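Let's have the full structure, built from the sequences with the hints guiding it.
Chains as they are written, first to last, in my numbering: chain A, 1 to 348; chain S, 349 to 661; chain Y, 662 to 1018.
FYI, nobody ran anything at the bench for these hints, they're computed from the structure.
In this text, all values refer to a predicted model and were calculated from it rather than measured experimentally.
Be aware that one or more of the hints could be misleading.
Stated by the list, open to error - Listed next, the in silico PhoX-like pairs over lysine-lysine satisfying Cα-Cα at most 20 Å (straight line):
hint: 1; chain 1: A; residue 1: Lys206; chain 2: A; residue 2: Lys94
hint: 2; chain 1: S; residue 1: Lys427; chain 2: Y; residue 2: Lys844
hint: 3; chain 1: S; residue 1: Lys483; chain 2: S; residue 2: Lys549
hint: 4; chain 1: S; residue 1: Lys355; chain 2: S; residue 2: Lys549
hint: 5; chain 1: A; residue 1: Lys178; chain 2: A; residue 2: Lys202
hint: 6; chain 1: A; residue 1: Lys178; chain 2: A; residue 2: Lys207
hint: 7; chain 1: S; residue 1: Lys617; chain 2: A; residue 2: Lys202
hint: 8; chain 1: S; residue 1: Lys420; chain 2: S; residue 2: Lys355
hint: 9; chain 1: S; residue 1: Lys355; chain 2: S; residue 2: Lys418
hint: 10; chain 1: A; residue 1: Lys178; chain 2: A; residue 2: Lys55
hint: 11; chain 1: A; residue 1: Lys94; chain 2: A; residue 2: Lys178
hint: 12; chain 1: Y; residue 1: Lys723; chain 2: Y; residue 2: Lys1014
hint: 13; chain 1: S; residue 1: Lys369; chain 2: Y; residue 2: Lys844
hint: 14; chain 1: S; residue 1: Lys478; chain 2: Y; residue 2: Lys924
hint: 15; chain 1: A; residue 1: Lys133; chain 2: A; residue 2: Lys94
hint: 16; chain 1: A; residue 1: Lys202; chain 2: S; residue 2: Lys616
hint: 17; chain 1: S; residue 1: Lys616; chain 2: A; residue 2: Lys342
hint: 18; chain 1: S; residue 1: Lys480; chain 2: S; residue 2: Lys456
hint: 19; chain 1: A; residue 1: Lys77; chain 2: A; residue 2: Lys94
hint: 20; chain 1: A; residue 1: Lys128; chain 2: A; residue 2: Lys153
hint: 21; chain 1: S; residue 1: Lys456; chain 2: Y; residue 2: Lys924
hint: 22; chain 1: A; residue 1: Lys77; chain 2: A; residue 2: Lys55
hint: 23; chain 1: S; residue 1: Lys549; chain 2: A; residue 2: Lys268
hint: 24; chain 1: S; residue 1: Lys478; chain 2: S; residue 2: Lys456
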Amino acid sequence: MPNENAILSFEDLEIEFTLRGQVLRAIRSVCLDVYRGESLAIVGESGSGKSVFTKSAMGLLDANGAITGGHIWYEGKDLARYTTEKEWRAIRGKEIAMVMQDPMTSLNPLQTIGDQIAEAVRLHQDLKGGAAKAAAVEALAAVGIDEPERRYKQFPHEFSGGMRQRVVIAIAVACRPKVLICDEPTTALDVTIQAQILDLIKILQKKLDLTTIYITHDLGVVANVADRIAVMYAGDIVEVGKCEEVFYDPRHPYTWALLSSLPQLGVKGQALYSIQGTPPNLFHEVHGDAFAPRNPQALNIDFVERPPLFEVTPTHKARTWLLDPRAPKVEPPEHIRQLRQKGGYLHG
Amino acid sequence: MAETREKLLEVENLQVTFGTKRHPFTAVDGVSFDIYRGETFGLVGESGSGKTTIGRAIIRVNPVSGGTVKYKGEVISGKVSRETDRRIIQNIQMIFQDPMASLNERAKVDYIVSEGLYALGEKLSEEARKEKVAKALSDVGLLPEFASRFPHEFSGGQRQRIGIARALIMEPEFIIADEPISALDVSIRAQVLNLMSRLQKERGLTYLFIAHDLSVVRFISDRIGVIYKGKLMELAGSEQLFAHPLHPYTQALLSAIPMPDPESEREKKLVVYDPTRHGYTENDPPLWEELEDGHFVRGSRRELEGYRKLLGQ
Amino acid sequence: MAIFRIKDSKTQALANSLNKESARQFSQEELFQFAPYDPDAGERGGYSDYSYWRSTLRAFRKNRVAMFFLCVILATLLFTFLEPLIPYDREPNTIYYIEQEKINLFTRQPVLDEQGNPVVEVSRATDQRPGQEFWFGTNSIGQDLWSQIWSGTRNSLFIGFSVACVDALLGILMGVLWGYVRKLDFFFTELYNIFDNVPQTLIVMIISYVLRPGMGTMIFAMCLTSWLATARFIRNQVVIIRDRDYNLASRCLGTSTWRLITKNLLPYLVSIITMRMALAIPAAINNEVFITYIGLGVPLETPTLGNLVETGRKVMGEAALRYQLFIPVVILATITISFYIIGNAFADAADPKNHVN
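This is the structure we're talking about:
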């Protein structure tokens, strides 16, 4: 049974897709607890399964995908057993809501902004007519849109990208969900707008007592918003820990590679640390550690057996054989050592 | 110091207009900058700022409606002779943003990479061509056996490198890289950036690097131009720009850079840019002036005075 | 297709067993030693074996109805060519005579001789019902319907394929130029506007009067204007894809317009062109039927489905003779419906969105 502090708990979750007659194992037996009130960031590259993973908690898998094993516990209910739209409707939006990457695709271009928010309010808060409208105007104001009364009557195309994303957020929180999933919420936005949107989500999280799950590939976003981080690679969580633990004392070679290959940390004129190759094709069976073929310091056992989650601290776990007492000592790249010092983690 | 170097590309008062005569839309307005041989010039701006349009105007995909573009002192905007045309095609190449959209899905990698060779009009034997393709592929870290495959079989990073190989086979001097890494995964970006730096060193390439991400541009560029709504706001050496950002828009951009470091993110203070703050009028128009060696800023007389004082401190 | 998959799973099984074997070879100590690193291995990893045409064919084959009609069309086509070889020697244009009882034209009773036996005489085999002698019966001048039908189907299909081919060739060429070469846009648009306003029937009528009626004239008349519609269709498709990044890339590489059209544009349009062709064939056949019906068609000595339907229509009033209309109509309907279903199924199959399953 799940941890009692967890609002959402994934237990040995397995998700498979069938594509042109072949089976793709998108999520390979993943466990993850999401604690009440925290903000968790799931970091990974495209195709790592981070979106699929969270979509499974909303019943939004594509038609050719299915949960083939494990559980998703939410308030004592196992969402992995849900099959009908009716069951999901009680969860989707009301309990768990989602903000997508591209605000234009989640808004109806032919309906005014206000009507779209009011509709969500009517559906979930049981308000009618004027009350619904008032609630919608209030929601617009709450996400930092000036002159909400006038903006209420406008259409999505009259809004800038950042403003549209604010509207999408307003719709998502209008139904007072407990969990808010933000799928690359700022990727489509300009840098100066990004920070504002992240600030908004943080403010709303406090005000509405939300649990937020961010899905992103941008470590800058993660550093800004996350209490805890889960790093995903090839359908598996390879490292999970508190924000500081993962940034200042990462243990999995993939996390090392992710962090030290960032141009922000690079020195001009020197080559960036980089990992060769590309993520594996999940149509083929993955043996052992999926990252091993790209890892120059992989051990023989990495190709043979999947590493267990080794515990670094009670809150920090990593799935790599390097943490096994039998493993040889491997020095992380230069940047990681610098980060360790910065974070005050001084290991011999 | 900069004056002694050879100007490879000179953009003077560039203007690009789209739309009909009745509803014109000026995407780029009065943009001037030079790019010196062997350097990387970064062009930073948000979506819709006109940065991509400038790149496409230089490579002549978008027609220029005002101003000139000179390559090695020769005007290349507007109508040019057939011979000049061929020379420019060979010398100036482009790397595109989205590797998923910029490769011909119905052609094999072999054809995609050697496409430029056909246009050069050299008579190449089939063997010599194959050899060149294999060389170009291994130059970008791909296996020569990939030549017989179709683009959809590759990941984003690999496709981007195919795109680079396609440009390299022309042996260009100047490459316009339009957001070459923003569509790539984090772990792949470093590969492509390293590749671009290595090629620059080996072949003495000159880059125009267009991006929206200042931190990436800082890493790769020698000089940076900041563009906002089709106009250059500030232009300076990259360290100069990061040390003394003068224009408020540059300051806003700098303050928003996401840092992969929880501590600095916590201390981050956002600067919001308000374009109405300048209060430019007919009598007090914005000027484009060099305030210190190689550091240009756009501003009214009064603003420029203030910037000078800031620099003096 | 199946062969590919079997190969895939076999190689996979082989790889798996190899991996397992090599796993057993490691001792406890060796397990925690560094493995040899091959940078190329990581590069090979992210490799998919999706193929557009393979997936299109797969999706098409899954459509049972379309596969059935494809078989019907292929069988029909094959049979029109094999039909003259079967041991049933009747010519489509020959008027046949048979010995039959003489009928009194007024009383409609058999004429009897002195012995009271019916008088047998050799006369034209008109309006014979389908049977042993004439498989599909004969028409009102004594021609054999079976051989007429098949030779007519052959001719009609020939008209259909010819018109569709010319249509496709001219339409694609002009359409691509219209869409891609911006300078030609105005010229083609005006040309289209002018011709689109003249009814096609009118043009066919004029051509039929001016030239000698026949299959060639018919094909020429139908081709004369129909390619414009195809060109416009292709033009719209080209406009959609002409400014995509990969085409800009080709322009930056100095690729000539002709190469760009054949290598960048047409390969993307093959699926919709195929679909349009599939629909153009029955359209041309039906057009021929219509033109023959209004009396401007191919002369009677060239049997076509149009001629046959027209002949059948004349005797429609008499219930016993309706087989002369029904048989060609059934063939015509089969061909039209088959092409229509095949065309639509192919369009669905060629859409990459349907390549998921």
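How the hints compare with the structure:
no.	hint	result
1	Lys206(A) - Lys94(A)	holds, 18 Å
2	Lys427(S) - Lys844(Y)	holds, 16 Å
3	Lys483(S) - Lys549(S)	holds, 18 Å
4	Lys355(S) - Lys549(S)	holds, 18 Å
5	Lys178(A) - Lys202(A)	holds, 14 Å
6	Lys178(A) - Lys207(A)	holds, 12 Å
7	Lys617(S) - Lys202(A)	holds, 15 Å
8	Lys420(S) - Lys355(S)	holds, 7 Å
9	Lys355(S) - Lys418(S)	holds, 9 Å
10	Lys178(A) - Lys55(A)	holds, 16 Å
11	Lys94(A) - Lys178(A)	holds, 8 Å
12	Lys723(Y) - Lys1014(Y)	holds, 15 Å
13	Lys369(S) - Lys844(Y)	holds, 18 Å
14	Lys478(S) - Lys924(Y)	holds, 19 Å
15	Lys133(A) - Lys94(A)	holds, 19 Å
16	Lys202(A) - Lys616(S)	holds, 14 Å
17	Lys616(S) - Lys342(A)	holds, 17 Å
18	Lys480(S) - Lys456(S)	holds, 15 Å
19	Lys77(A) - Lys94(A)	holds, 15 Å
20	Lys128(A) - Lys153(A)	holds, 18 Å
21	Lys456(S) - Lys924(Y)	holds, 11 Å
22	Lys77(A) - Lys55(A)	holds, 17 Å
23	Lys549(S) - Lys268(A)	holds, 13 Å
24	Lys478(S) - Lys456(S)	holds, 13 Å
In this structure, every one of the numbered hints holds.
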